[in-house]
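Residue numbers (the working numbering), protein chains in the order written: chain E, 1 to 302; chain Z, 303 to 604.
Hints may contain errors.
Within a straight-line C-alpha distance of at most 27 Å, the following computed DSSO-like cross-link-like pairs (lysine-lysine) qualify [as the list claims (entries may be wrong)]:
#, chain 1, residue 1, chain 2, residue 2
1, Z, K398, E, K153
2, Z, K309, Z, K398
3, Z, K498, E, K298
4, Z, K398, Z, K455
5, E, K118, E, K132
6, E, K111, Z, K600
7, Z, K589, E, K297
8, Z, K357, E, K153
9, E, K287, Z, K600
10, Z, K413, E, K297
11, Z, K412, E, K298
12, E, K287, Z, K599
13, E, K298, Z, K589
14, Z, K342, Z, K413
15, Z, K413, Z, K386
16, Z, K434, Z, K498
17, Z, K577, Z, K589
18, Z, K398, Z, K357
19, E, K84, E, K96
20, E, K111, Z, K599
21, Z, K600, E, K153
22, E, K7, Z, K455
23, Z, K386, E, K287
24, Z, K496, Z, K309
25, Z, K428, Z, K412
26, Z, K434, E, K110
27, E, K194, E, K153
28, E, K298, Z, K455
29, Z, K342, Z, K357
30, Z, K357, Z, K309
31, E, K126, E, K111
32, E, K287, E, K40
33, Z, K455, E, K297
Take a look, some chain E residues computed to stay more than 10 Å from chain Z by CB distance [to be verified]:
#, residue
34, M2
35, V57
36, A67
37, N69
38, K111
39, A125
40, D133
Calculated from the structure, these hints are not laboratory results.
All C-beta atoms, glycine included, are put in the ideal place defined by N, C-alpha and C.
The chain contents come next:
Protein chains: 2
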Amino acid sequence: MMILPEKVTIIEVGPRDGLQNENDFVPTEKKLDFIRELQKAGFQEMEITSFVSPKWVPQMADSFHIATNCGSTNIRNFILVPNKRGIDQLLQTNIKAVAIFVGVSDSFNKKNINRSLKESLQQLAKPVQELKDSGFFVRVCISTAFYCPYEGKISEERVIDLCNQFVQLGVDELSIADTIGMASPLEAYSLFTKLKATFPEIFITAHFHDTRKMGLANIFASLQAGVDRFDCSTGGLGGCPFAPGASGNVATEDVVYMLGRLGIQTGINLNQLVKAIDVIQPHISRKIDSAYYQAYKKSLPV
Amino acid sequence: MMILPEKVTIIEVGPRDGLQNENDFVPTEKKLDFIRELQKAGFQEMEITSFVSPKWVPQMADSFHIATNCGSTNIRNFILVPNKRGIDQLLQTNIKAVAIFVGVSDSFNKKNINRSLKESLQQLAKPVQELKDSGFFVRVCISTAFYCPYEGKISEERVIDLCNQFVQLGVDELSIADTIGMASPLEAYSLFTKLKATFPEIFITAHFHDTRKMGLANIFASLQAGVDRFDCSTGGLGGCPFAPGASGNVATEDVVYMLGRLGIQTGINLNQLVKAIDVIQPHISRKIDSAYYQAYKKSLPV
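Based on the sequences and whatever the hints tell you, model everything.
Quick look at the structure:
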């Protein structure tokens, strides 16, 4: 008998991680429509936008408007912030959940945020404590937790050590990302088993990309390690502009479908999720080819 | 600790199951080139063609030529035969491995081979015994072993009962297929655990389609059930003309890659497998989009 969690929380990252990495700027009202359709599908946690520099990430130039008009406040809406300026903006909204990010790999950090890991940690320590003092839910997204496009394999010890430093700072959640989609199911099982054992009081979330087709196998392995939180992106939108070859996140609809078939509750309505995809598809450049969406459109049994 | 097999055998089904279901007739010499390139990649077992009626399956009209010119005889080359006429043809070759097929679901059998399950079993009993007496390796492909496009969920009891009848006839291998790609990893784990326990002396092979993105997760689950034989189709070619919406088989290269990353030996050379795909790609109508092939072509780390 395999023991899997009875319930799983999906953290929808499409509006942030997804749209941030599409080529085109999606009109602000369409982004809000997309977010509203996703809210109707039942997500209780969502990354809605990021307060990054519009110079570097023009797709997010309307982020303040998105953050202050994203509707429902009884769900956990995350804003991703990369620095002090982002935090200052955040404090002007009524949002109370923040995502910060850092890579395990130094080479990746330097390319991605132009800081070393040590510098990142030094700069983040005080803001994290202030955010916690102000009642924020603090999520840390740990990139390149399995492989780095520049350094190769990342050891479990380095990941756990970095996580430990954030736990000491009082963060609520660690989202552990296979940024370039290279983790194998056994690597996922091993790392998540250790993280769950080492940090039993912290929300541990798995974030997989499907670049080498192992995304759902990795989720199945992580469920066996006791993981009950997964970042997913509706339509499989996204990637990472600073990680060559990182293709989309695992598609929320494929994950929700598989979890349903495993008898695991997610609270997400798949028909409504299809409506959200229909809303965003005309505004992005590539065809959404997730298995569930394609099967649904072909009226296959699901 | 998860216990997985140390070695896995891949039964390459691309030249038969794959090409049979493509729209276009692939020129005979190109089929043979494809088979030769696959042989070089290290496969020890391969479905090379089928002796079906060219009226129903024109893609296989050159099957006798393929069977008598497929080179290497020190590997297990399977020919699929649907009936007595096919067996008579088979006896004119020097091939000593045969694949026969039947669905668990009666509705599927009637559409696929125009016979009920009972009629199929009656007609197959004598030929199977004669083939065994002539020294053939007999593989039975059990379709719709999880779901039927007409009948829905198929019970494990029906599958095991059907397998048992073939085991009584003395067959060597049971290839258990999720024909329409609907099995979940827990369903795969459960059925294969029971089959391995019920038929410890028989080769048990898993055959998954990737229609709902669960193919690799199902393979990972089946490995945990002790399965060490998988049918795969290079390039993900194939489907099933009699099963609406059945898209391609799991792509051999994606499976071999994942198995390699799990530390499991397959004896297959991935670089050579890419060459085989390069040979067949110009002769089929759709773009081969398996994750490994795409990653390889984009020079991503693999």
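Hint check:
1. Z:K398 <-> E:K153: The given pair, whose Cα atoms are some 45 Å apart, is violated under the 27 Å limit.
2. Z:K309 <-> Z:K398: Within the cut-off at roughly 24 Å; holds.
3. Z:K498 <-> E:K298: Violated, at roughly 35 Å.
4. Z:K398 <-> Z:K455: violated (35 Å)
5. E:K118 <-> E:K132: Holds, at about 21 Å.
6. E:K111 <-> Z:K600: holds (21 Å)
7. Z:K589 <-> E:K297: At roughly 20 Å apart (the allowed maximum being 27 Å), K297 of chain E and K589 of chain Z satisfy the hint.
8. Z:K357 <-> E:K153: With Cα atoms ~53 Å apart, K357 of chain Z and K153 of chain E exceed 27 Å; violated.
9. E:K287 <-> Z:K600: Holds - the C-alpha atoms of K600 of chain Z and K287 of chain E are around 19 Å apart, at most 27 Å.
10. Z:K413 <-> E:K297: holds (24 Å)
11. Z:K412 <-> E:K298: Given pair K412 of chain Z, K298 of chain E holds - Cα atoms ~24 Å apart, limit 27 Å.
12. E:K287 <-> Z:K599: Holds. K287 of chain E to K599 of chain Z sits at ~20 Å (cutoff 27 Å).
13. E:K298 <-> Z:K589: holds (19 Å)
14. Z:K342 <-> Z:K413: Answer violated: K342 of chain Z to K413 of chain Z is near 37 Å, above 27 Å.
15. Z:K413 <-> Z:K386: Within the cut-off at roughly 19 Å; holds.
16. Z:K434 <-> Z:K498: It holds: about 22 Å lies between the C-alpha atoms, which stays within 27 Å.
17. Z:K577 <-> Z:K589: holds (15 Å)
18. Z:K398 <-> Z:K357: The hint holds at about 26 Å.
19. E:K84 <-> E:K96: Distance of about 16 Å is within 27 Å: holds.
20. E:K111 <-> Z:K599: Holds, because 24 Å separates the two Cα atoms, which is no more than 27 Å.
21. Z:K600 <-> E:K153: The hint holds at about 20 Å.
22. E:K7 <-> Z:K455: holds (24 Å)
23. Z:K386 <-> E:K287: violated (47 Å)
24. Z:K496 <-> Z:K309: holds (21 Å)
25. Z:K428 <-> Z:K412: OK: K428 of chain Z and K412 of chain Z at ~21 Å, within 27 Å.
26. Z:K434 <-> E:K110: Since the Cα atoms of K434 of chain Z and K110 of chain E sit roughly 65 Å apart, the hinted pair is violated (cutoff 27 Å).
27. E:K194 <-> E:K153: holds (17 Å)
28. E:K298 <-> Z:K455: holds (20 Å)
29. Z:K342 <-> Z:K357: violated (32 Å)
30. Z:K357 <-> Z:K309: Outside the cut-off at roughly 40 Å; violated.
31. E:K126 <-> E:K111: Holds, at roughly 23 Å.
32. E:K287 <-> E:K40: Since the Cα atoms of K287 of chain E and K40 of chain E sit roughly 23 Å apart, the hinted pair holds (cutoff 27 Å).
33. Z:K455 <-> E:K297: holds (22 Å)
34. M2: Non-interface label on M2 of chain E violated, nearest chain Z Cβ at 6 Å vs cutoff 10 Å.
35. V57: Non-interface label on V57 of chain E holds, nearest chain Z Cβ at 23 Å vs cutoff 10 Å.
36. A67: The claim holds: A67 of chain E sits with its nearest Cβ about 32 Å from chain Z, beyond 10 Å.
37. N69: holds (34 Å)
38. K111: holds (16 Å)
39. A125: Non-interface label on A125 of chain E holds, nearest chain Z Cβ at 33 Å vs cutoff 10 Å.
40. D133: holds (42 Å)
Checked against the numbered hints given earlier, this structure breaks hints 1, 3, 4, 8, 14, 23, 26, 29, 30 and 34; the rest are met.
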